[in-house]
Amino acid sequence: MKLIVLKFKLTIFSAFVCLGHNALSQKLNGANGHPLTQGAYSNISEQFELLSSLNANIYRIDIPISKEGQPINIGAFKKLVITNEKYPEIKILPMLSPQVNLLDGNLESQFSRGYKIGLLFFSNYEDELKEFSEYFEIGNEIDLRAIKGAQFSGQSINHYDLDIIKKYAAFYQGFIKALKIFHPNNKIVVNFAFTHWGFLNYLEQLNFPYDVIGLHWYSNMGNLYSYGKEGVNIIDTLSSKFNKKILVDEFNVYQGSLEYIPNSNQQNWLHENLVEILSNSNSLGVIFYELLDQPDFAKNPYSDYYNPGESAYGLYENKTNEKGYILKELYENILLK
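In the numbering used here, the protein residues as written are 286 to 622.
Keep in mind that the hints were calculated from the coordinates and are not lab data.
Hints may be right or wrong, so weigh each one.
As the list claims (entries may be wrong) - Derived lysine to aspartate or glutamate pairs resembling EDC-like cross-links, with alpha carbons at most 16 Å apart: (1) K364 / D412; (2) K352 / E413; (3) K451 / E393; (4) K371 / E416; (5) K363 / D347; (6) K584 / E595; (7) K530 / E561; (8) K526 / E489; (9) K371 / E413; (10) K465 / D412; (11) K312 / E561; (12) K364 / E393; (13) K530 / E419; (14) K363 / D412; (15) K364 / E416; (16) K376 / E416; (17) K364 / D389; (18) K451 / E426.
All of these numbers come straight from a predicted model, not from anything done at the bench.
Hey, can you work out the whole structure from these sequences and the hints?
What follows is the structure, given as structure tokens:
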């Protein structure tokens with residue numbers, strides 16, 4: 286039986302029509318999901334129905350790649366591609382992360398490994414990937430793996446273990462070299478979290494090739510448009526420092542709806558920061574983290590994967606009723622006014 290999705294048929298950002306249709310239509314807007322890696326996302330067809338009901342135009346998904354150059358879940362990958370053909374208005378933004386140890390060996394061997402895996406992957410799936418978005422994202426939050434500790438702001442190069450960044454950079458430089466053989470016009474996205482732009486400063490020193498900054502920003506970090514005592518506009522600061530556009534490709538209230546309070550500052554924070562992202566000329570758009578809840582993270586306290594804080598980030602609860610999936614009140618109040 287075909288799932289009936291509750292259709293709002295409004296843009297996901299309909300609360301901001303005051304910005305003008307043209308301004309909104311030029312922005313990327315959508316959600317993150319994990320159809321290759323997480324059980325909560327086994328319903329691939331329904332995910333595209335939900336995205337379509339919000340008039341989203343981008344779906345960011347993680348695609349782990351084996352050392353043989355294969356997606357770790359080939360069946361789900363193929364289903365994803367086939368389903369996406371029915372929704373040409375929604376482009377997939379792949380976050381590509383080869384599943385190999387990037388810290389062993391030397392820089393030369395890491396570059397060679399990245400190039401080899403890239404050649405295998407991009408040659409095997411050249412046609413499928415041509416239907417994806419023009420943006421390919423490389424790795425995920427490498428800054429968090431390299432930063433020396435939570436006590437560091439991440440704004441300075443010396444806040445990082447530079448050997449870690451060097452090896453990651455060497456691998457992905459090889460990987461990107463292979464990517465460009467098959468997709469020479471695609472734009473490379475490199476992401477980081479919070480104020481960790483010292484990571485990007487070091488990538489500059491390494492002459493790392495990329496085009497777009499992917500920013501991960503949650504409510505516990507403060508306001509994008511007025512951060513800290515000096516009221517720094519994060520998007521403008523990053524764009525000025527690195528001469529690149531900014532894609533806020535993870536965005537949400539911290540821990541999602543886990544501690545949702547109706548009519549609270551959570552909605553105010555979402556509204557104010559969304560207005561900044563969508564109206565800022567240095568921004569490419571926003572991608573919510575994430576489309577669906579992952580309740581399994583909160584089920585078994587004895588599980589290695591137990592992490593209740595990660596369970597409720599979804600725009601939608603991962604359950605249905607007779608009307609289909611229902612958008613959470615936290616987001617309905619902001620997105621569908």
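Results for each hint:
A C-alpha spacing of about 15 Å is found between K364 and D412, which places the hinted pair at or below 16 Å, so the restraint holds. About 19 Å separates the Cα atoms of K352 and E413, which puts this hinted pair outside 16 Å; it is violated. Under the criterion of a C-alpha separation no larger than 16 Å, the hint pairing K451 with E393 is consistent with the structure, at around 11 Å. Our distance criterion of 16 Å between C-alpha atoms is met by K371 and E416, whose separation comes to about 12 Å.
The suggested pairing of K363 with D347 holds, with an alpha-carbon distance near 14 Å, which does not exceed 16 Å. Distance restraint check for K584 and E595: the Cα-Cα separation of roughly 12 Å lies within the 16 Å cut-off, and the hinted pair is therefore satisfied. This hinted pair checks out: K530 and E561 have alpha carbons roughly 14 Å apart, not beyond 16 Å. Under the criterion of a C-alpha separation no larger than 16 Å, the hint pairing K526 with E489 is consistent with the structure, at around 11 Å.
For the hint pairing K371 with E413, the CA-to-CA distance comes to about 14 Å; that is within 16 Å, so the pair holds. Between K465 and D412, the direct Cα distance comes to roughly 14 Å. Compliance with the 16 Å bound is thereby established for this hinted pair. Pair hint K312 plus E561 holds up; C-alpha atoms about 12 Å apart against a cutoff of 16 Å. The straight-line distance between the Cα atoms of K364 and E393 is roughly 36 Å, outside the 16 Å bound, and the hint therefore fails.
Annotation: proposed proximity of K530 to E419 holds, straight-line Cα distance about 14 Å (limit 16 Å). For a cut-off of 16 Å, the pair hint linking K363 to D412 stands: about 12 Å separates their Cα positions. The straight-line distance between the Cα atoms of K364 and E416 is roughly 14 Å, inside the 16 Å bound, and the hint therefore holds. Distance restraint check for K376 and E416: the Cα-Cα separation of roughly 8 Å lies within the 16 Å cut-off, and the hinted pair is therefore satisfied.
The hinted pair formed by K364 and D389 fails the criterion: a straight-line CA distance of about 34 Å is larger than 16 Å. Note on K451 and E426: the hinted pairing holds, with a Cα-Cα distance of about 15 Å set against a maximum of 16 Å.
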